[in-house]
Amino acid sequence: MSDLEAFRAEIRAWIEANCPAEMRAPVQGEDDVCWGGRNFVFKNAAQKAWLDACVAKGYTVADWPKAYGGAGLTAPEAKIWREECARAGARPPLSSFGIWMLGPALLKFGTEEQKVHYLGQIARGEVRWCQGYSEPGSGSDLVSLQTFGEDKGDHWVVNGQKIWTSYADKADWIFCLVRTDKANTYQGISFLLFDMTTPGVTTKPIKLISGSSPFCETFFDNVVVPKAQIVGQLNRGWDVAKYLLGHEREMISGAGDGGQTSAIGSVLKRNGLDDPMLRAELAQFDIDALSFAAMGEKFLDEIKVGKAHPAQPNMMKYAGTELNKRRHELLMTAGGSTALEWDSEETRGGAPSRAWLRTKANSIEGGTSEVMLNVVAKRILELPGA
Amino acid sequence: MPLYYTEDQAMLADSVTGFMADEGGIKKQLRHWRDIGCKDGFGHALWKQFAEMGLTGMLAAEEDGGLAMGHVEAGIVLAEIGRNLTPSPFLTTAVMGVTALSGASADLRGRWLPGVIAGESVLAVAVDEGAKHRPERIACRAERAGNGFRLTGKKDFVVQGASADALIVAARTSGSDSDADGVTLFAVPRDAAGITHHSVRLVDSAMASHVTLDGVELDGDCVIGDVDGGRALLGKVLSAGRIGAAAEQTGVAAGAFGMTTTYLKTRKQFGKLIGEFQALQHRAAHLYSEIEIAEAVVLKAQQLLDGGSERAELMVSAAKAKAARVCNLAVREGVQMHGGVGMTDEYDIGLYMKRERALTEFMGDANYHAERVAQLSGY
Ligand SMILES: Cc1cc2nc3c(=O)[nH]c(=O)nc-3n(C[C@H](O)[C@H](O)[C@H](O)COP(=O)(O)OP(=O)(O)OC[C@H]3O[C@@H](n4cnc5c(N)ncnc54)[C@H](O)[C@@H]3O)c2cc1C
Ligand SMILES: Cc1cc2nc3c(=O)[nH]c(=O)nc-3n(C[C@H](O)[C@H](O)[C@H](O)COP(=O)(O)OP(=O)(O)OC[C@H]3O[C@@H](n4cnc5c(N)ncnc54)[C@H](O)[C@@H]3O)c2cc1C
Chain A
0 MSDLEAFRAE IRAWIEANCP AEMRAPVQGE DDVCWGGRNF VFKNAAQKAW
50 LDACVAKGYT VADWPKAYGG AGLTAPEAKI WREECARAGA RPPLSSFGIW
100 MLGPALLKFG TEEQKVHYLG QIARGEVRWC QGYSEPGSGS DLVSLQTFGE
150 DKGDHWVVNG QKIWTSYADK ADWIFCLVRT DKANTYQGIS FLLFDMTTPG
200 VTTKPIKLIS GSSPFCETFF DNVVVPKAQI VGQLNRGWDV AKYLLGHERE
250 MISGAGDGGQ TSAIGSVLKR NGLDDPMLRA ELAQFDIDAL SFAAMGEKFL
300 DEIKVGKAHP AQPNMMKYAG TELNKRRHEL LMTAGGSTAL EWDSEETRGG
350 APSRAWLRTK ANSIEGGTSE VMLNVVAKRI LELPGA
Chain V
0 MPLYYTEDQA MLADSVTGFM ADEGGIKKQL RHWRDIGCKD GFGHALWKQF
50 AEMGLTGMLA AEEDGGLAMG HVEAGIVLAE IGRNLTPSPF LTTAVMGVTA
100 LSGASADLRG RWLPGVIAGE SVLAVAVDEG AKHRPERIAC RAERAGNGFR
150 LTGKKDFVVQ GASADALIVA ARTSGSDSDA DGVTLFAVPR DAAGITHHSV
200 RLVDSAMASH VTLDGVELDG DCVIGDVDGG RALLGKVLSA GRIGAAAEQT
250 GVAAGAFGMT TTYLKTRKQF GKLIGEFQAL QHRAAHLYSE IEIAEAVVLK
300 AQQLLDGGSE RAELMVSAAK AKAARVCNLA VREGVQMHGG VGMTDEYDIG
350 LYMKRERALT EFMGDANYHA ERVAQLSGY
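Same order as they appear, the protein sequences are chains A and V.
Take the first sequence: its position 69, counting from 1, is numbered 68 in numbering that gives the first Met the number 0, and each next residue is one higher.
Take the second sequence: its position 252, counting from 1, is numbered 251 in numbering that gives the first Met the number 0, and each next residue is one higher.
Keep in mind that the hints were calculated from the coordinates and are not lab data.
Note that the Cβ used here is the ideal one computed from N, Cα and C, for glycine as well.
Just so you know, not all the hints are guaranteed correct.
To be verified - Some, not all, of what chain V presents toward chain A, calculated at C-beta under 7 Å:
(1) Gln8
(2) Trp32
(3) Gly274
(4) Tyr287
(5) Ser288
(6) Ile292
(7) Ala320
(8) Lys321
(9) Tyr378
Sequences and hints are given; from them, build the entire structure.
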């Protein structure tokens, strides 16, 4: 048996022994996810047991170094971990903006001290993070952001407003883009970290079309941020921000997710398949879903060895989110009038329609589809004036 | 296994890319043979060069003098054939024909494979019986006659049929037309009495024939594999052809796309390069994304096929359908973005459009494979 085969057997047995049955059922919406954080309330004992078991082994962030709370897996080992979790239907033990976004940025730009401190907290699910990028006047044109940090010697005083801050009301800390030089557009932004309980931080939830309010307006009124809480250099936060966006886009794309974008024809055994036109549409969708799953696998393999184009996450995000939107349109069609029910028990409180509406944000959050196409045109195709 | 080329495969891709750009280019091959009205539709000298490069025997077993490579490697060659629109018997001969013969007796392999590997012979595959690919139904009959068989029936869309030294024919030895069992594969030599080729030039200037088998008498040793048990081997031949055509389509798509983005960077209108217009930028970026995805699913299917995975069939059909749709989009966008010159014979972009059509039809179009994806997925 090769080392990797032995590793696979070991992982398979470990998942078998440690992943509770409840954690092998698909996640039912955002409030069924284990987000971690100071105030997180576990849904059940199984959710906590699965997290604890994974934290102990570093499997919440399997490919991070052991020193920062990971399991230090190599690329092929991490792939085996993902494949075996998918095989067992095991949910991610922990999901968070810390894992998907801030973690990779800290691994690249953080000081050793920051890595040990913040990454460890993220890996153990102790601190929940939110992302303070967008502002009312700065969405796609993010670099025009106005939230300002005034230099006060050993700290900054931050004033301004963010918007669409996902889970700002539930998060413990925020990673935030703050203008620290008004004279420079790109080279006048710093990447700051601060506690959401700092005096002067307030949040106001915004209700989505799906009926839930996972995101907020976030206000900063003379918020004091110590100088040690900057990632990267002063006025060079845009580099950190862009790097992080690559990881955010990779995550939203659903690459390697295996669920979000998976083929659906075979799961719709009963509904709608007596309709030959819908069946045909499902088959077309499944072709695209199977193809995108291969793309996700290829992308993740390539990125690990530096073969992927640095702007490829933009392409992945575009393709993955457009696919996921189509998937939910088809699920709604196949569900018929049942899928329209908004709060019935049969639909677990309107899960199909709420999920369908939620997917519409996929091609907006983290950079819109149009912006993704702009980036591909410019950075990959090198088209003029893009 | 990671979903990118191994070092050996990357080296092969490098050398094939260079070789094909030098020798297989549009002017040197496609336009040349087309413009002189070549009866074969391809050049034998290039086929010989393929042999010198070791490409003709890629899929043949080592004991037969081949290199025992897989569909990933064959796909590398096919993508370059696609990118250069090279007329070549590679797919029907070195991929499908050799796959068929892999199920043949040592005698039969010894009869045909040396010529193929030397770049001296060409094979063609006779499966379709009608304008659409419906291999589930095989009406062409092979009846026992003396020591051998007598073949009667019609075959269509036999690409390079008239130039082939042997035809791989799927015929029915028992049962009714739509039975899965009762199919047998034959290697029919070109000079067998009773074969007529009605040879036609296709839109992409490849040659194909309508073949009539009128009581063609064959020795028993022309049978490939087991009598009545040819369905599984035929399945392998079809899979090889499908994933091969899909690989070629990704090459066609990439070739058309490269030509188009170059044009977007050179053509000026309204005082600007047309590539500055966002309407075109977004379509080009979408197309890039689709081509990347098609290449990924083709590679995935090739790996699964080479690894003997039970998911291979499903992924081959997904890949063939996806590659067909993406390649079709690439050539349509290509011609459109070229404006008026895209409609001229002088520009190459229209040639990509023609090849795309032929490849999509070959071994089942996108709808055929969508139906197959549905069936293999259980719905
Ligand atoms: C569910 C959800 C969660 C979010 N979570 C967060 C979060 O946690 N933190 C955070 O900071 N932000 C978050 N966002 C904000 C998100 O990043 C922005 O909504 C996004 O960047 C778009 O900005 P905008 O909403 O201002 O739209 P606009 O930029 O005003 O765009 C409006 C339309 O114009 C198009 N457009 C804009 N510019 C161009 C162009 N140059 N070319 C072509 N078309 C263009 C866009 O594609 C879009 O269709 C979230 C958004 C959603 C929907
Ligand atoms: C079969 C045929 C017959 C014809 N007959 C005649 C005739 O009898 N008399 C005559 O005078 N002309 C004729 N034409 C010419 C025809 O009108 C032009 O081809 C057409 O106007 C496009 O111009 P172009 O070919 O220079 O393409 P271009 O203008 O170079 O366009 C190339 C591509 O860029 C796109 N593009 C250009 N500008 C923009 C923009 N601002 N925004 C977004 N996209 C843009 C175009 O849509 C196209 O996809 C004929 C053309 C054809 C193909």
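Query raised in the report: So which of those numbered hints doesn't the model satisfy?
Result: Of the numbered hints given earlier, those the structure breaks are 1 and 2, listed in rising order.
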